[in-house]
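Since the structure of chain Z is provided, determine the placement of chains S and H on it from the hints.
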Amino acid sequence: MAEMWINMGPQHPMTHGLWNLRIKVDGETITDAEPEVGYLHRGIEKLCEDRTYTQIIPITDRLCYGSSLTWSHLYCLTVEDLMGIEVPKRAEYIRVAAIEMQRIASHLMWLAAYGADLGLMAGFIYCMRDREVFIDILQALTGSRITYNFPRIGGVAHDVPSNFDRDALRACTYMERRLKEYEEMFDRSKVFMMRNEDVGVLRRTDAMNLGVTGPPLRGSGVRYDLRKDMPYSVYPEFEFEPATHPDCDCYARYRVRMDEMWQSCRIIRQAVQKMPKGKWRILAPRNAPEGTGVGRVEDPRGEGVMYVVGDGTDKPYRLKIRSPIFVTVSAAPKMLIGYKVADVVAIMGSLDMCIGETDR
Amino acid sequence: MNLYEFCRGLIHWLVDLINNLWYWLGDVLPWWFGDFFDAVGDFAASRGHISVMAIGLEVLIIVIVALINVLNFIWIDRKLSGRIFDFYGPYYVGYRIGGWLQNLADGIKLFVKEIIVPAKADKFGFMLAPIIFVGSSFLALATIPLSPHFGVATNESGHGVSAGVIIAFAFFAIAPFSILIAGWSSNNKYTLIGGMRSAAQMMSYEIPMLLCVASVFLLAGSFSFFGVVDAQHDVWFAIPLFLGFVVFLVCLVAEIEVQPFDLPEAEAELVEGWTTEYCGMRFGLFMMTSYLRGYIGGALVTALFLGGWQGPWFIPDEIWFLIKAYAVFFVIEWARWSLPRVRVDQILDVGWKRLMPLAVLNLMIAVALKTLGWF
Amino acid sequence: MSRKDELTFTGFVIRPMSRTMRTFVRALLLGKPNTILYPYQKLDLPPRYRGKHVLDFKRCIGCSNCAQICPNDCMWMEKLEDPELGKIERPGIDLGRCLFCGLCVEICPTVALHESVEFELADRDRSGLRFGPKELRDDTYADKVAEERQMRSLPVLDMNKCTGCEKCAGECSEICIAMMPIEATGKQKPEISLPKCTSCGKCAVVCPEKAITMSNVYESYFDMPEPKFILKNCTGCAACARACPADVIYMMDMPGTEKMLKDGKKSKPKKRAVFVLEKCVGCGKCFRACKFDSIEMPGVRR
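Chains as they are written, first to last, in our numbering: chain Z, 1 to 360; chain S, 1 to 375; chain H, 1 to 302.
Okay, chain Z solo, but in the shape it has when bound (with noise of 0.2 Å):
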């Protein structure tokens, strides 16, 4: 057959989010792969420069929909460096605690989708239940699901309800019981691996050259975790191990994700049990002054960096958005040619695409 270019996308029922991916296939082989994205865009940025501080809030959950506690987290960070302000430790430590369980949510939402790709349905029933046990913690938390609307500048919204920490532990436990369950399914079964191993390589120097960061880069055996080198809010008091694993491979990223949800256990279980007394909120004021703000953290999916731009009223000049999902998409022809056509769901997959916070 001769060589031709086919379109995975942009309407295709399991490509996560809206992008297209052109592959030039030669028979069954990949020789040449193009992403294209853009097609969610909404102006996400460009919005943010005509409202408050306080009302950009629920547009920066919006910008990953997967994971979104880490987005508006990020963006509170970065204000709070623009004006200066010192966040109780208490409402720090609920911050942690949340983002840990949305850490987790996050995984399994992609564990689901990614169980479901390889055919493995059972995959994908079991982890969005087990995903329910944390969206439940969370709504009762914050009111939410999914866009939850929770950080503020300075501090969060509300306390924790009564039964938050009882509800954590207990939810911890069933998730240690079920990360052993899913070894089971997914590690145990040869045909899975059969189709991980060896599949989408990502060389350490690659990754690092091309600025991936996140699971794909810690799968390919470089241990660089924004939480224990540059960390941010109170991560310096917990103590917990960044995942990483030396195969640069699909399992490599898999295994490394899984790892992950143990960590965030562990780290929910410290957060609950030392959180401090205090005030969960303090008053921020209404204009920033002129000036800059950065903030990075942890997403589940890579580096989020955000920048803002502060002239003294009381919206910001200029938000700027780093999404780790766009550029680790720029690797992947690299992980793509040389392998099959089949493959290209599982090397996708296991890259967790967001589209939502690549277009912004």
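Keep in mind that the hints were calculated from the coordinates and are not lab data.
Please read these numbers as outputs of a predicted model, since none were measured by experiment.
In silico DSSO-like links for lysine-lysine, alpha-carbon gap of 27 Å or less:
1. Lys113/S to Lys123/S
2. Lys196/H to Lys277/Z
3. Lys32/H to Lys180/Z
If you anchor each label on the Cβ, the simulated ranges turn out as follows:
4. Asp32/Z to Leu218/S: 49 to 59 Å
5. Phe330/S to Asp198/Z: 28 to 38 Å
6. Leu179/Z to Phe330/S: 26 to 36 Å
7. Pro255/H to Lys320/Z: 50 to 60 Å
8. Glu176/Z to Phe242/S: 37 to 47 Å
9. Glu176/Z to Thr198/H: 45 to 55 Å
10. Pro289/Z to Pro195/H: 16 to 26 Å
11. Lys228/H to Lys277/Z: 37 to 47 Å
12. Leu179/Z to Arg96/S: 32 to 42 Å
13. Leu179/Z to Leu85/H: 49 to 59 Å
14. Arg96/S to Asp32/Z: 53 to 63 Å
15. Gly27/Z to Trp374/S: 46 to 56 Å
16. Asn34/H to Leu60/S: 41 to 51 Å
Covered stretches of chain S, as calculated for chain H (at least 3 residues, CB under 8 Å):
17. 85-96
18. 332-341
C-beta: ideal position from N, C-alpha, C; glycine also.
Chains S and H alone, transformed into the frame defined by chain Z:
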């Protein structure tokens, strides 16, 4: 009593009943009308015509039984997958019978959809593919008897068709052609890829399957269904030929195209694979035939390896056969929802490199058992 | 030897299938599946869930803070005529645009707007999603739910009664109260610094005119803009005092501005507006009402 004899008796009685009316009309009405009705009565009562009507009734019964079994399979599939996934299956439609009527509702929904043929598709091939697919599957079904007395194309003057199993497999294996035609005539890159993959997969799994069947023939000493089942009266062939049983099951799963071997219709990559461009009831026919082939496969496994219709006296033979076929289907469905999809080159890998040597090994075991005189 | 070769044959089918079989047995024989048969079984939502809004007409002061903070411009203020409350202005919401973010609930100074757990809001056309104030009205909702926002007991000044006697400033142990002169009137008024107040209530007790009362005020975490008064342009028309929903502005006479009228009588003195900024909710209505540019309020839309 045979199914054919039963149908013939029924038709004979029915024709006699109706002929009373015709003959009475023939007597009552004067000249030309009377002769006409007399002729109608004679026409219906002649032997050849009664045989034709009996065969028609027999075919109708078999098709209805098959379709009800297929509906049951779909219902079991959905309920089973529901409980495996920790939710209910179909629940509300047919509330008291566990949601069984959901399949009928879905069928009606498919009927009322608009049928669209793609503009540049090859119209003849597009229409021909479902016909061949469904037709060949029903033909394969016709040759499998549920018991010595229940079957339509199973009895040749009372002794059973002497090459019954081979005919069943021959019809079963026509399907790859129709899939290839369906995929190619849809004028769509994805369906073409799906059709090619499917043809490759089915072709490569026919051979280990037939090698296992050959080992069964060796032990049974005959090619017909009755011979194979009767040879299992001491012990089911699944026990000495356990390797063949497992290999046959795996090949069956690959032939039916369910997970883990359903790459030709993988949703994640190819939307619906080779059935993408079909709408409405044509798509419904493909779906239904997929389950029908599951039923045929289960019936073949039962007849060849699990002792067919043999069982204790308190349950009729046909019900035993169906119970065993359902059990095989249960195992296939259980594996379906637990395993991820195997990649296409790995499928061919498994087929040629792993299953064929095992099938040959199984054949050698059968030869050894036969020469030892145990069968 | 790669990882997949370490797995034995059981890895092919046995292990994953045993997992699903366990779930199957649990869902079928030992218990019920994990499904809520909606709509016959309802979901159990936490009280904080953000659903359809509920408005308490009696608590609402019509300040339009909610309409201003909405990130999507979903809310509008409607002028109504209520038999008990007279001419009032209450908000309506277009739930078709609403994000259900809850910012309007958080900023309301009197906690008049709540979000209930009702989420079944589907309708056949868009106009069914626009809820006017009367459709959102439920005056008893606040009694049914737990109080989420904190309250503080804070002193509230009624400028009509204040004589400027300085007793409250002297009595306050935290020195929260400072007497500030009111320009061009010759009087002074106490300015209370609310962040420092400890709610001891001594100022209310000691005031001879009972101008200071301790009342429960809801804590607000939003830094609202404050109006700045420019005396030069004020004509004493009292448009701002009529517009203010929170009783912040009082009109005070400026002695020395009486004019001699033609028939020999003295006219009434000119008035000026006096702001009691502790009560201000930052709605900006005074800013919009003043036609003479004597109020400056940065950050508020016109």
